[in-house]
Amino acid sequence: MNTMNAKNQNGFIVVAVFVLMTSCQDELDVINPNEPTPENALTELGIIGLAQGAVYINGQSDSKYGGNMQNTVLGLHELMGDVITSADHAGGAYCPDSITLDDGSILPSINDNGQVAYLREYNIASSMANVFYYEWAFMYSLNATLNDVLATLEAIDISDEKKNTVRAWCYFWKGYAYSRVGSMYYAGIITNEAYKTNDVYVAKERMLEEAEKYFILAEEQLTVLADHADYLSSVDKLVPSVCKPGKGGVMTTAEWIRHINTLRARNLLVNTRTSVMTTDQWTKILSLTSNGVRETDNTFTLRTDEAGQLLSIYNYVASTAFGPTSDGGGFYKISERLIQEFKPRDNRLMNNFMEISPWIDPQRDRTTTTNTRYVLLEQGNGIPGVLVYLDRGIGQQELYLSSTYEENILMQAEANINTGNIDAGLALIDGLRNYQGAGLPSVSGTSLVLDEAKEELRRERRVALAFRGFAFYDARRWGVLENGRKGSVVIDFEAVVNTNATVYYGYLDYWDVPIAESFVNPPGKGSTSITNPK
Amino acid sequence: MKRVYESSWPDLPIVQFRRCYLGRSVSPWLFKLFIIIFIATPGYSQQQRLITGKVTHKNDGIGLPGVNVVLKGTAIGTATDVNGSYTLSIGESSGVLIFSFVGFETHEIVVGGRSTVDVLLVPNITQLSEVTITGTGVPVERRKLAFAVESVTSSQLPATPTSSLDQALIGRIPGAQISSIDGTPGAEMSIMLRGINTINRGTMPMIMVDGVQMGATLISSIDVSTIDKVEVIQGAAASSIYGAQGANGVIQIFTKRGKAGKMAIDFTAGWSRSEQLNVGGLRKGMYHAFDTNERGEVIDPATGDALVQNPETLLYEGSAGFNLLDSMSTMDKPYGQNCCRVSSPTQLNYYDHIKTFFRPANLYNTSISLSGGDARYDFNITFARAHHQSNFDGDGYNERNSLVSNVGFEILKGLKLRSITQLIFNRNTVNIWQKQDFGLGLNSFTLFQTRPFADFEKKDTQGNYASYYGSIVGVNQFNPYYEYQYARTMDKKIDLIQNFAINYALPKYADFEILYGINYQDQTVEHNVGSQTLNQNSIASGKFTSWINFENTGEITTIEKTRIFENFRARSTFRFDLINDFNSSLPLQFLTDITFDYRSDNFHHYGSSALGIPLIPPPVATNGSLFKIFEDYNEEFVTYGYFVNQRIEYKELAGISGGFRTDYSSAFGRGSDPFTFPRADGFFRISGLNGWDGSRFANTILEWKIRAAYGEAGIQPGPFDRYVTLTPRTLGKSNALFIGNEQSNPDLTVEVSKEFEAGSDLIIDGLKGNWLRNINISVSWWKRNTENLIFSADAPPSLGIGTIIDNALSLESSGVQLSVTTTLLKGKSWDWNLTTNFSTQTTILKDVKNASGEIATGNRILREGEKLGEVYGSLMLANVDQKGPDGEYLIPLDTSQLNPETEKKYGPNEVQSAYEVASNGWVVHKGSKQPFITNGKYSLGDPNPDFLLSFISDIRFRKFLSFSFQLDWVQGAKLYNYTRQWMYRDGIHSDYEQPFTIDGQTGAWTAFYRGAYLPARWEKNYFYEDASFVRLRNVAVAIDLSTLMTRLKFNRLQLVISARNLLTWTRYSGLDPETNSYGAKNRYSGSSTLARGMDENTLGNFRTYQLTLNIGL
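Protein sequences, first through last, are from chains L and X.
Going by the working numbering, the first residue of the first sequence is number 530, and it counts up by one from there.
Going by the working numbering, the first residue of the second sequence is number 4, and it counts up by one from there.
Isolated chain L, as found in the complex (with noise of 0.2 Å):
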């Protein structure tokens, strides 16, 4: 017998398997091949590159149900503020509640019980169709990298101005997402630390307090800065190359202390009810406004590129309200609505509507106010020196991500106009009338009464700004949620043209904390409550 022992076998299999095993460990060593890690961000190239896409990228898009703040969030706005209109938004969450029509019969809304109880039916927390989800996720998504970005800037070895130039960036942007926080939800939650949350819900204006304190940090390091080289080069870094033509260039320190001057006084008149504003009120935002952005000013603009890794042609308010004239446009349509406010004979509408036979929506058990005569014309029609709202070409569309000149100047004149400075106010709007090419005769100086001329200011702030975002703020201030827009144009179901329908929209003012929060992170002692009492 030559059989080997199979004790000494046994000894050779162990022996094996352990250099094998050993041999292997180096393996396990796998790393992520695709994609940086957080310690490529301790650099500064990496801080710069973390702090650029928590504003263009986190705070715009990148959620988890997809969509993105310039065409989700904004079109919502645009929405409720009836700029645009959509029968198959969430199955029709932006249906008014009621409207009554010239002949006085009333077209109830498609939803049993309006359009709150609507909305909180979709406020569930694992949804896509949550509208209040959006807002809320880009701009915590935003402050949350700006969070870990102000934490990891410590250990980086660069100069202080350079950091400084971050930090205001950061409070910057910071005051931006929780001034969009306190202007849209109920309650929000203030988080300052990197990776970490909390569950005290605070409400709006305390969320509006904190953006205060943030634009007022910004603008300490900023008036520090003093266009130091540094602050000049970091910035430029800070801007994506796709956003610097027109008025994207880079913000001098005072620019942007100016710009922060208008983003104060939005947060002011766009939170207040028109009717119960102060005087005070009125003086700080015109105080703050005629230090806010000016015409030669640059500002944050965003564009889209080619490889749609920004902005894709399609992804914005008036881009998706282009479409087909035999479909009355796009997802979105022109409201009727927006096209009532402008004056005869504005170049402005005619450089970029096209009248067509009315479209009526199919399917009439959805809303009326989705009928329209009008759909929007790309690159506009070619009447020099006026506003296109829509030009599709790569990197054409300059789009504006904090705030404009003509956001500042029309809340100038509104201030001026509500202090008694009518004409100065009128003057203002002709101003900007000229800038955007409407071609229209002056207002100033036709001694128009105080009504006359917050009714210029209202139309123009519709036109002006159209499907910039501001449309549901300035209908939430000026009454129209509760009391109604009158004298409204309306297309009913026979294509009969009504000029004096009046559209009931009964939607929140502030909208509930979105459930995909509270399920997980159920407001703890000390929160105010996260839904609004309406």
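Do not take every clue at face value.
Claimed, not checked - Lysine-lysine pairs mimicking DSS-like chemistry, simulated, CA-CA at most 27 Å apart:
| # | chain 1 | residue 1 | chain 2 | residue 2 |
| --- | --- | --- | --- | --- |
| 1 | X | Lys-940 | L | Lys-692 |
| 2 | X | Lys-736 | L | Lys-773 |
| 3 | L | Lys-1063 | X | Lys-908 |
| 4 | L | Lys-1063 | X | Lys-907 |
| 5 | X | Lys-852 | L | Lys-1054 |
| 6 | L | Lys-776 | X | Lys-852 |
| 7 | L | Lys-725 | X | Lys-852 |
| 8 | L | Lys-1063 | X | Lys-940 |
In short, the hints are calculated from the structure, not lab data.
Chain L is fixed; fit chain X onto it per the hints.
Below, chain X alone, put in the same frame as chain L:
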């Protein structure tokens, strides 16, 4: 009879080892080690006495090759040659020769003074003598198995038209739920064994081929004709020897081997014709409710003009009106007849889109195989080809060519080599928008949502198809023919599955085997879209087809995916027998198994696109105007570990085994601790007890075994699930980083599945005559706890992210599997076997690690204590005074009550008196004719079936005629019929034709159907349908003419006529109750498991008729 002994998996490799060993100092050392092991073999002692003989099969007298002949108590032994003959040198002394061969009773013969010892071996007639290997590693007879293993041999695989193995297995494996996902040729099926075990990695079991894991190739790519046998083990109790990847169970495929003897040539040709099932009679309504003028023309309310389709753009101009929610609206205006292609502006014809697009399709199968061998080698080479047309009109085909060779040699005494090579070339031209591999399936989706007057075959004045006819036809409408005019997909896949095995068996004590398998897949998908800039419809509508392009300028997009999956296993088995090896009187046998197991998975995914294709042909990517790389992704995953198991058997009576499996994984990085999981099992053959044979039971119960097994297996996180990254994006010239909304979790730990199963196998002697001779019963009960389930859970948005991967859940599952096989009839001419498979299982969510005890995910709520997979939604009621789970009326009694939500009193339209039960059985508002729908979300029930039951019957007449059928019964399954709900939206579904009576008024009131669609309360019990069914899965008649035409000397000349899914009895109203949403297939998507039970425009199975000719030479 199988020569399963060899199928103990040898593998092998040294040379091929892995790059980890190449170029390292350790590798020569290691090499030497193995050489030592192989060479340190016993030289045999002086051979002084020759014994010769022949081993023959008792039944037919044919020599049995490969039978082990061993001199008892020694290592001296040999195996019989191809003719069953052997020669063995033994010492001077005489002794006892042991003849053993799997599937036969072991025979011992005292040599005495003889020099010739011939033996007749008696086959083990019972099923329990069958040998299986999966789950045990070494071949074990079924009578000694301690857990359930299902096996299906090639002769049992249906002779019916199945182009893929997953289809062929339906109903054959008790406990398995196998269902269709998208119905396109070449598509994979969804397989779930023993219920839901993980959400993280889907339900797909691990697939092994001849002993090594196949990690790159889909099971649907394996041609059925190349398969000899399939073994299935379900769940962790059995599969824990395979480590983390085996927790969902294992399906092991054994490819065909050559048999010793004359070379055999087998040729098979099949043709089949299949048609998409539509068992629920899904169709669009024949009536419409548009406004019409006095001439019956559909009119535009704005102009009063008849609707016109512009011949240049094919867009419907103007509009048309209808109000489905109008309480007086009925669909009573018939569409015109589908008489002609010239559609006048005045009449909307009815086009049966389902009939137009779902066409019968052909499937051609051919295979040829050569096989043979002798005692020293065997070979089997099979070439198989399958060509399967798409059943969707205008779409492509799937074509698969497989070359499989299985070659084995015995190079030294006891040292065997085997190489199995499968080369599969797959060419698939099915449009990507039809395939759910890409998460799509849109062509059928748009088709279902188009109003029936759309004439998709119509061409514009320039001879082109139009993409979009306008929202009047349906907002989601898109013309598939337009897609096929401009877009072509070519999806090519090359799969290589190469296994090497070295097996070295000492005559006694030990055998060693090394297995190495490399599975390589290279897939190139080219999607070629022409420029549509001249298409009048595209210009006018702004609609076009593309994949990557944002414009209608066309593209040539290429996706390349390569996957290299390697599995190396080295196994040593040691056997001792106390009586023979240690002269002890204790009849104990010991078997030790030590296995090292290494796997690596490398995946690369690269996508590039040339956009803007010139109008002048040929389309070449380099002529594009813009180039884009949209995907460049690499993934590497390495796991290895060892398995140690000790088995102890007491005679043939009882056995226990226990061991553990330890795994390292790259998901946890270098230096992390390994995960170790124990296992144990045991069996006891009651019928093997002393005295059983003489007992009164022995005549009735021939064989009775009880068994139990326990095992744990860990399911590892995905390769990068623990790896936190930032996401880069290039914005023009800037490099931005951002925090992606789906976040990894560095604290993630392994999921653990702990399973216990107990069962019994018995054979009962039946009646004495020809009928019901015996009954084989195998029953198993199992219970499983899955802890630390990895789930991509919703994160608070205020954290800045959308989801975070977490160990979020625990599950508890249990079930029963039963298989009964009977020989119903065994007569001179007739044989009739019947197998009945039964299974039931359920999965409960035991624990949700979340403040609320719930996780919401789309339409599912994962709630502690409830069944996993339950669908939640609103209720439509059957009684006006129905109460909810809280005991309150779902419809308030009167207007004095306060609505807690609005804090206002209920209106007169909201209370019970406003409603009544309509004649269709639903509670409907008397005024609006809309159904009542609750606001809150209620559990609508579990989609998983109560039980699955299959009857498989084979009837043979003499040797030439056989008839077989399989009947499957799935009871209590549910499907959420999204297809139907979407068709309610635009008034498309034929349900709109059904009249009912409400408040004394009878009509096909559209308000009811449109009201049921109501999107705000999306899921409703109304659309959650009973998907129970009974299906005649297979029916086949086969005639073997070779026995009749003996002069022609065919081994086989068989003609098979068969049909699959011929008849289905169900109440389900959709295409097929046996479908799943596409999410169910995506192994790596979190939603996969939870997408079960949804019919979202899913195409189902086919009804197929097949003619097959099998020739054996």
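Comparing the hints with the structure gives:
1. Lys-940(X) x Lys-692(L): 51 Å, violated
2. Lys-736(X) x Lys-773(L): At roughly 11 Å apart (the allowed maximum being 27 Å), Lys-773(L) and Lys-736(X) satisfy the hint.
3. Lys-1063(L) x Lys-908(X): OK: Lys-1063(L) and Lys-908(X) at ~15 Å, within 27 Å.
4. Lys-1063(L) x Lys-907(X): 12 Å, holds
5. Lys-852(X) x Lys-1054(L): Judged against 27 Å, a Cα distance of about 21 Å means the pair holds.
6. Lys-776(L) x Lys-852(X): 50 Å, violated
7. Lys-725(L) x Lys-852(X): Answer holds: Lys-725(L) to Lys-852(X) is near 19 Å, not above 27 Å.
8. Lys-1063(L) x Lys-940(X): 23 Å, holds
The structure is inconsistent with the numbered hints 1 and 6, although it conforms to all the rest.
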